[in-house]
Amino acid sequence: MTSQAPVYLDYAATSPADPRVAAAMGECLTRDGVFGNPSSMHQHGRLARERVEQARAQAAGLINAPPQQLVWTSGATESNNLAILGSARAAATRSRHSGRHVLTARTEHKSVLDPCRRLEHEGFQVSYLDTDHEGLIAPQRVREALRDDTVLVSIMHANNEIGVLQDIEAIAAICHERAVPLHVDAAQSAGKVALDVERLQCDLLSFTAHKLYGPKGVGALYFAPARRASLQPLVFGGGHERGLRSGTLAVHQIVGFGVACELAAAAWRADAEHCERLRARLWQALSTIDGALLNGHATQRVPGILNVSFTGIEGESLLMGLTELSLSTGSACSSDSDEPSYVLRALGRDTELAQSSLRFSLGRYSTEQDIDLAIAAVTREVRRLRAAAP
Amino acid sequence: MTARLEDPLGPQVRQLFGALYHAGEPTGTAPVVSGEAGREQRGTRVRFMLQLCGERVLQARYRAYGCPYTLAACEWLATRLESAGRGSLGAPADWVQQLQIPQARLGRLLVVEDALIAALAAADKSVTDS
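If you read the sequences in order, they're chains A and B. Numbered per this note's numbering, the first sequence spans residues 1 to 390. Numbered per this note's numbering, the second sequence spans residues 1001 to 1130.
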């Protein structure tokens, strides 16, 4: 191992909390701070409630939503579960004759795919859309796959492994025509690109704090009941969050999330330009390595994610050789497995190429020096492993 | 970040993986035999090449595609073949113990063993034929 701390290039897995976020959270923990239970009617409780509602407005501001349409959750995984299980079950409960079909994509995050599998066990039918070889879903494919009994469409905004951005506006327009609710997993795009639920016209949208320099363990679900969706809770006991998510609110995390959203709303354009410039520098150098292949569409993507496969190189060896870097071979959630990335397989990459990929994800604190160090390290390791390969 | 964590590969595997001195082909003019196993599509492919002088292994080299444990095992085996001969090699279960390789990687080491056995069989045949 090198003696210095590795360069962090795994912002798509998680990001460090902004110091201003940490400071705001610290104000909500101890006796001299805002530690009350926001459900309590006394002054401590009301102070806490005020901070929670301030945070709700800050988080809603990031996605241009009315604050009352946000439900606090423990993160994007719970938001996705609530959106998918909650809305599909609500639709099925409304009438015995209502639809039981859900439409999603093969390249979605596990926190979307696993609830969909759960629904299949409950008697729902789920259709999984294929992407093209660049990871994109043609909106027309959504139109073709919608059925009379479709009760929900769930399509992610930015893919967590390859960073491509789906055309949510066009997909939402199709869903709108057919009066089918649309859920969008925006965990990787919130605070990274412009995100406006009024413009997108989606019904449900998940996002999380720890991808945008906030704390882990808190997220939100935007839910617009006035449109097409209805929602059944998954957690019961107290009726918090309009009865949609019971449980004492984690004030310090919610406050941290709110501050992170406010900072992101002010900084996302500059962050995006910064990440785009660094990503271009990285790809320009890596693309000169023989057998380096970009995964995902070249331009329709979030600024900070670059996924590259290297022909003839085994991914784990490449990753473990890069001791000076902290990055992933696939999504952090599935990288304990040595199975090739299902996202890259869905793009048509063969097993070998899917196993040889690196995901570089850049963020606010990434520097040119970080990128140059990454370029040198990857070039060195690819050469070394190629020299040893059959 | 100030905390230093243990290397997930362990010290021996890290050292071997970091210095693949025996990767490549044997040099010199003496005859070379080889044995190969595995496929890239399955995650592991190994080829051992042995340069012989009678029964003695002058140079052991390999080419390998696989995880760090696979490469480390190849390097370790090549070193031992040259320094201590084939009697010193043991079996994959011994390699797991000696190099502190996770049991879950035993399947990968079986590919290494297959390649090694094939190369040693080719060496035996070479000696018999000559």
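These aren't lab readings, by the way, just hints derived from the structure by calculation. Treat the numbers as computed from the prediction; the structure is a model and nothing was measured. Don't be surprised by glycine CBs; every beta carbon is placed ideally from N, CA and C. Mixed in with the good hints there might be a few duds.
Unchecked claim - A few chain A residues facing chain B, derived, Cβ under 7 angstroms:
#1 H42
#2 G45
#3 M320
#4 G348
#5 T351
#6 P390
Using 7 angstroms as the Cβ threshold, decide whether H42(A) counts as touching chain B. violated, 41 angstroms
So, T351(A) near chain B? Judge it on the closest CB pair being under 7 angstroms. holds, 5 angstroms
Using 7 angstroms as the Cβ threshold, decide whether G45(A) counts as touching chain B. violated, 38 angstroms
For the restraint on M320(A), tell me whether the closest CB of chain B is nearer than 7 angstroms. holds, 5 angstroms
May I ask you to test the interface hint for P390(A) with respect to chain B, counting a Cβ-Cβ separation under 7 angstroms as satisfied? holds, 4 angstroms
Satisfaction of the G348(A) interface hint, Cβ to chain B closer than 7 angstroms: violated, 15 angstroms
Of the numbered hints given earlier, the model fails hints 1, 2 and 4; all others are met.
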